[in-house]
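Start from the sequences, fold in the hints, and give me the full structure.
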Amino acid sequence: MGRSPCCEKAHTNKGAWTKEEDQRLIAYIKAHGEGCWRSLPKAAGLLRCGKSCRLRWMNYLRPDLKRGNFTDDDDEIIIKLHALLGNKWSLIAGQLPGRTDNEIKNYWNTHIKRKLLSRGIDPQTHRPLSGGSAAAGSGLTTSSTAGFPSPSPVPTRPARPAIAIPPNVMFARPAPSEDGHSSSGGSTDAPRCPDLNLDLDLSVGPPCSPPKTPAAAVTTPTSQQQQRTTICLCYHLGVRSGDACSCKTAASPAGFRFLRPLEGQYI
DNA sequence: AACCATTTCAACCGCTCAGTT
DNA sequence: TAACTGAGCGGTTGAAATGGT
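Start counting the first sequence at 1; every next residue gets the next number (the UniProt record's numbering).
Capping the alpha-carbon separation at 27 Å, the derived lysine-lysine pairs in BS3-like fashion look like this:
#, residue 1, residue 2
1, Lys51, Lys30
2, Lys105, Lys88
3, Lys30, Lys66
4, Lys19, Lys42
5, Lys19, Lys30
6, Lys88, Lys66
7, Lys105, Lys19
8, Lys19, Lys66
9, Lys105, Lys51
10, Lys30, Lys42
11, Lys14, Lys42
12, Lys14, Lys51
13, Lys105, Lys115
14, Lys66, Lys51
15, Lys113, Lys88
16, Lys66, Lys14
17, Lys88, Lys51
18, Lys66, Lys115
19, Lys113, Lys66
20, Lys105, Lys14
21, Lys88, Lys115
22, Lys105, Lys66
23, Lys19, Lys51
24, Lys14, Lys30
The set of hints was computed from the structure by calculation and includes no laboratory data.
See the structure below:
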């Protein structure tokens with residue numbers, strides 16, 4: 001599109017940040033808050049690209065970042081979220097407070113991939129490696145058209161699936177109950193990932209009137225219907241009451257689509 | 001102690017999306 | 001409606017750190 005570069009490359013520093021640069025950035029954001037990254041470097045007296053400032057702040061300087069090792073629980077959460085979402089690192093990071101998408105992406109590539117391989121699991125498809133060659137083809141091939149973002153062979157820049165979880169997908173994390181699990185009970189359907197209890201609530205855009213026939217919506221969604229589709233993982237994961245999931249009240253149940261992880265089918 | 005191989009992770013790049021004009 | 005702009009995302013890179021011989 002011939003867009004202008006995000007910064008004047010000739011006059012920007014690159015590479016590792018110095019302590020002084022960090023201090024400048026921290027001081028500026030403390031004083032003025034985040035926002036307008038493009039103009040921030042100049043205002044803060046930094047010879048850096050706005051994108052670089054944002055990245056530095058988000059991935060390293062933010063005070064709420066949790067640094068240190070991932071726990072085994074974190075690992076499992078990441079693995080299961082990746083099975084559900086594919087390489088949507090920012091969404092996965094949203095479920096791990098204090099962790100950044102970049103950190104999770106790196107951790108996935110350096111640790112979890114190997115961990116899964118050692119278990120004989122394909123890190124992309126989350127299916128057994130041996131004899132699981134069909135994994136890429138079975139079900140998952142149709143999943144992208146069915147709306148689930150296929151975690152299998154992920155192209156560098158996959159075309160957005162018809163209904164796939166879009167960028168504006170929201171994960172609602174209900175206030176945790178005392179036991180830390182607000183929504184495990186009451187399930188009548190056995191979840192696909194029974195030990196995954198993240199109270200995920202995916203919703204796409206403002207809920208509107210449901211499709212005339214849910215079945216038709218599942219099989220032949222119009223683009224409008226796609227935009228109005230609500231994907232409720234709370235439901236899928238066993239949440240039925242409105243306590244932890246407000247989407248049922250916001251949208252007609254008929255408007256729900258339920259995702260079946262891995263198989264990429266609506267339940 | 002020195003060298004080489006491997007691993008880790010901060011940072012960059014290119015792209016898309018959403019908002020604005 | 002189209003063009004433009006800023007923000008954010010995911011893939012990739014390369015320097016630094018670590019481990020092995």
